[in-house]
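J.: Okay, here's what each chain looks like letter by letter:
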Amino acid sequence: MGKVIGIDLGTSTSIVAVVENGKPATVPNAAGERIIPSVVSFLDASNVIVGTEAKKRVVVEPRTTVYSSKRLIGRKFFSGEVKKAQMVMPYEIVEGPNDSVRIKVAEKDYSLSEIGAFILREMKKTAEAYLGEPVTQAVITVPAYFNDGQRQATKDAGMIAGLDVLRILNEPTAAALAYGFGQGLNQKVVIYDLGGGTFDVSVLEIGTDVFEVVSTSGDTYLGGDDFDDRLIDYFADSFFQQTKIDLRKDKEALQKLKVEAERVKIALSDALEVKAHVEGIGKSKDGKPLDLDIPITRNLFANITYDLIQRTFKVCDEALQAAHLTVDEIEAVILVGGSTKMPIIQDAVRNYYLKEPKIGIDPDLVVALGAAIQAESLAGGGREGGSLLLDVTPQSLGIGTAGGLVDVLIARNSPIPTSATRSFTTSRDNQTSVKIQIYQGESRNAAENEQLGEFTLTGLPAAPRGEVKIEVTFDIDTDGLVSVQARDARTGKEEKVRITVSGGLSSEELERAKAEGMKVNV
Amino acid sequence: MSTDTAPDTGLQQAPALDPEIVNKLKLVWKALPRLNYYQLLEISPKADQGEVKKAFYKLSRDYHPDRYFRFPHENFRNAVHQIYKRIAEAYNILRSPQWREAYDRQIAEDPAKVRFSIEEEIKRQQQGGTTYDGGNGPGKRYWMAAMDALKNKNVAGAKLQLQLAVGIEPANEQFKAKLEELKAAK
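Protein sequences appear in the order of chains A and B.
Numbering follows our numbering, in which position 197 of the first sequence is assigned residue number 197; successive positions increment by one, without gaps.
Numbering follows our numbering, in which position 177 of the second sequence is assigned residue number 177; successive positions increment by one, without gaps.
Note that these hints are calculated values from the structure, not bench results.
Heads up, a few of these hints could be off.
Below, a sample of chain B positions facing chain A; criterion: calculated Cβ distance under 7 Å [claimed, not checked]: (1) 57; (2) 60; (3) 65; (4) 69; (5) 73; (6) 75; (7) 85; (8) 88; (9) 89.
Distance windows between CB atoms, simulated [said to hold, decoys possible]: (10) A:188 / B:97: 14 to 20 Å; (11) B:96 / A:433: 34 to 40 Å; (12) A:208 / B:97: 23 to 29 Å.
Using N, Cα and C, we set each Cβ at its ideal position, and we do this for glycine too.
Only chain B is shown next, with the shape it has when bound in the complex (with noise of 0.2 Å):
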């Protein structure tokens, strides 16, 4: 949901209720709309899976509707509703290695935008953008300058830092189906 602006959320009568929770969800609330999926789970972009896994629990006993089942003012709950769909979402995509990394780059091109678009992602990859699933080994390095390189058109360079991914790590499939790409298309 695009909250451009906040409503009326009731959340000024909210009786019953840890004061600071009540301030806490206010703020959440009016920020909502401005919040990545990090600040939203008060995390870095930098935090492991245990991290991200470990905010979403501790946001989930906050803001999970169950806390609120019986609580009396609609406007409230519906508030907490939203605020605690959102957060469901940042776990779902920053708890998936490849749909994070998707989201870095979406946040890093347009630091307005604050949720993951699979549509975005799904026409990238369709215009030829590859994603990257070729782990975490020391040819990762080479395999970067090498999108780099063809960014700035320069296959020559590309496959050159392709070789060197492959020839480090000579299992890779990914480092070698994309060499064998660009060799075919020459």
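The following block holds chain A by itself, in its conformation from the complex (with noise of 0.2 Å):
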């Protein structure tokens, strides 16, 4: 059996790792690099470009770079996430079926699973140059507060690369694995996880082989996206002010002062002011090139994000109401995902959870690190003692019922594996189907929940009203993903479920999405 790869697939960049010799170690590319760009670049319907080559691109041609494709990986299509996107994002964004999302280039339309397998591929490309050998089987991440239609989108992804997808791992909980692993610990840890596009934080106890998550929350749009945002929103401003000229209005522009934020936004680390420079950004009135020059300190860089951090807070509140926690009873703050590696990030970290936050593992390679440890336990079968981890679903899941409103049946931070029974029942005379609703959200409102699809029970007994019983069964399995099972109570037969996953692909999809993509070159 071939080695298992840890993948952790990022909104700016992606890494790949393996354990060799019983440690975890990132992979390198041919041109040396660990930590690949997750930029997709379409040279031509055959032919695309991924990783650095791919990100030099998104100045250039902007319509077929697809770049941060995890802010809309598994979304609805008429959701405010997406419709803020179509804004930004200078790469066509249009609907799919059921009310999914596409990106469309040169006249084709991709499902984000699509981006997300040529990302995919590449990783697995790099893996097997490295070892040698062909890769089959992945460990790949997910923000923790990801749903269902974000994990299912994601497993697909890996299904249209050629990749057999182990587990869908939580991000948080991958990185306390690399921290913990073979360490001997007993703390109560936190994971606080900023990263291109999403926040997440985890509270876990870390044992000597068992990694309990109890609780996690998160916001998946939210990253260090945001704060090149408010970097870019400056510099327009300002922009606007010495030259009344709108940088906004122009795509081309927008793209050059995306790259120069996120380039200030890291200089920042290390100076206390950095002055952003664009060359001929602009053309005056009379035609002449226009340079920005702007000049930018990181205390003002702190004032114009600390909403942004504030968001941050709200979440780690909520994690430790979960958990019942206090900030004293927490033994050690650990910080993942490239966006942590702000100063203003670690010394409102430090001042909220009154300690000095740990960095011992590169913030960056971190969640690929523990993907690997992963990978390497499940393939080895799970019973030569490797660490078990044990996690929980991060939103509830529920039934719609009359009035608009949510039933829950599973608990947000329910340890999984998990499983709910509800009974149905008709309430019409001779009624042969019933129509259920599933959603994932923490709103007694199902309208402000996240639908995750439908499914109708069909073929039911001719009877009087309120005589069938229809007992269904609600699983979120280890990689959190929902299934539902129905029988009726009375004959105990299984009945026909289908399940309309709202923009989810269907196995004909898959297979032919999964074709399609083998014929491109990557």
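Fit the two chains together into the complex; they arrive one by one in their own frames, and the hints show the way.
T.: Following this line, the structure appears as structure tokens:
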């Protein structure tokens, strides 16, 4: 049996890792890079490039270069997040079947799973070149707060890339595993994970062989990208004051500004003041090229991102409350994700948790290393005394009821795998089908939650109302994925359940995407 | 899942495992529909939070699906999975003082019921039962006495007990609120 790899499929960057000689290590590509930009650029219909070369094309080929696609994976087309992305992304975001999202490049529509699959294929290829053998199995990480649709779409991406996904693993859990693996610790820890596009916080109890997630919370639309956006706004506003030219109306200028904003953000981690400089970003009235030259201090940067940082602590509050713990009881705070390299984040975390945050392992790499450890453990069949990860479901699972409300079946932070059973009955005589809607989220109102899908129990026997009783079992597996089974309580017969997962790909669509994807050279 | 009869599990055909574990698995699988959470976690109904957690960790080491990840027999893996899901459910209810109390009430009322019903608990609350979150102070026994009195439609007695509860724990909001409620209802 070949090696199982661990992949951190990130919003901005992706990393692949394997365990060799009992130690996890990240894998470099041919160019020696271990951190691969999660950017896919289409040269034509049958050739794409992924990584650093693709990222260079963000400015010159903005229409055919897709970045930060993880912000869209598993989302509904008619959602606020997608509307926001449509405003800022230079590539074309269009509506797909079932309220799903597609990215249109050169007249062809791609699902987000297909875009993710190009990145995963690059990671697979990198690992194969390094190991000198084919790789077919992987553990892929996702933000802990990802819902069922986002997890499923990520797993689909793996399948399209030709990978058997052994586990969808939560990023903070992976990080905790890398942190505590083989250390013989006995600690209550917090993982503060601020990535490129998502934020997670998990509270864990780490023991010698058991890693228990006590609670988790997050915001799947908050990350380093948002800090870049604040800098972009600041520079665009200042430039407008100087020149009366609005760069936001010029998508090419905006891309240049985005690249510069990211550079300034990173430079502000070392310097207290940095000057943004973009040559010829605009044109004066008489056609002369205008440069952008705007200085910014770390203090000002902290001020214009203050509310973003505070949003992370609201999430931290939730996680601590759910764990019934106070900051005094937390023994270590571990920083994960490239965005936690910002001193303004480290200062804020120190003030909130009243202790020095730990940056033992590179925050950019720690998730992939944890994924590799879990991959190795599963590859060995889990019987060789590896560490046991006990995770939870991040969001409550419920069903729609009369009046637009939700009945919770499995509460958030319940340990997984788990299941819940609920009986349904007919409300009319001779009713032969019952429709059930499934939601994930914390609101009492159905409309404020994410609808995972709906299913119809069909072929019920004709009987007076209330006589037919169907028992429906809702399962959440170790990947955090939801499935549903139904059976007639009287006959014990399994009922046919057809779930229409909104936005998801059918197995035929998956096979077709896989076949088509394989024709494309990555 | 309500497993009225234990289907064929393939548990017979599990080689290369400690026979003791296989035997135990078989027993637990057969008894699963009748085991309450305490029996399943092999703890006393009086077990404290530390003991609940310890039991969960121990059983996780034995039953977590990851331990059988490469195990060839699918039926066997499914059976372990079903058992583990119930263990996780038991832990989830028993680690929460509020849910554990509701669960204890449910199994006291109907010992044949082994799984917690959140539906039933919500119904009970909506029908005027009050969940207790008044803490474990000295006033609790008067509160309990007041609830008993209410069950017997003895409002005057309930008020008396609640006054005692408030007297001994003047800062307890739940005691005060219930007393006000009874006074207002008159």
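J.: Each hint needs a verdict: does it hold in this structure or not?
T.: Right, here's what the structure says about each hint:
1. 57: holds, 5 Å
2. 60: holds, 6 Å
3. 65: This interface hint holds because 6 Å falls under the 7 Å limit.
4. 69: The hint holds - residue 69 (chain B) has a Cβ within 7 Å of chain A, the shortest such distance being about 4 Å.
5. 73: Violated. Min distance 13 Å.
6. 75: For residue 75 (chain B), the interface hint is violated, since the closest Cβ of chain A sits about 16 Å away, which is over 7 Å.
7. 85: holds, 5 Å
8. 88: This interface hint holds because 4 Å falls under the 7 Å limit.
9. 89: holds, 6 Å
10. A:188 / B:97: 14 to 20 Å: The hint (14 to 20 Å, Cβ to Cβ) holds, given that residue 188 (chain A) and residue 97 (chain B) are roughly 19 Å apart.
11. B:96 / A:433: 34 to 40 Å: holds, 37 Å
12. A:208 / B:97: 23 to 29 Å: At roughly 28 Å between Cβ atoms, residue 97 (chain B) and residue 208 (chain A) fall inside 23 to 29 Å, so the hint holds.
Violation of the numbered hints given earlier is confined to hints 5 and 6; the remaining hints are satisfied by the structure.
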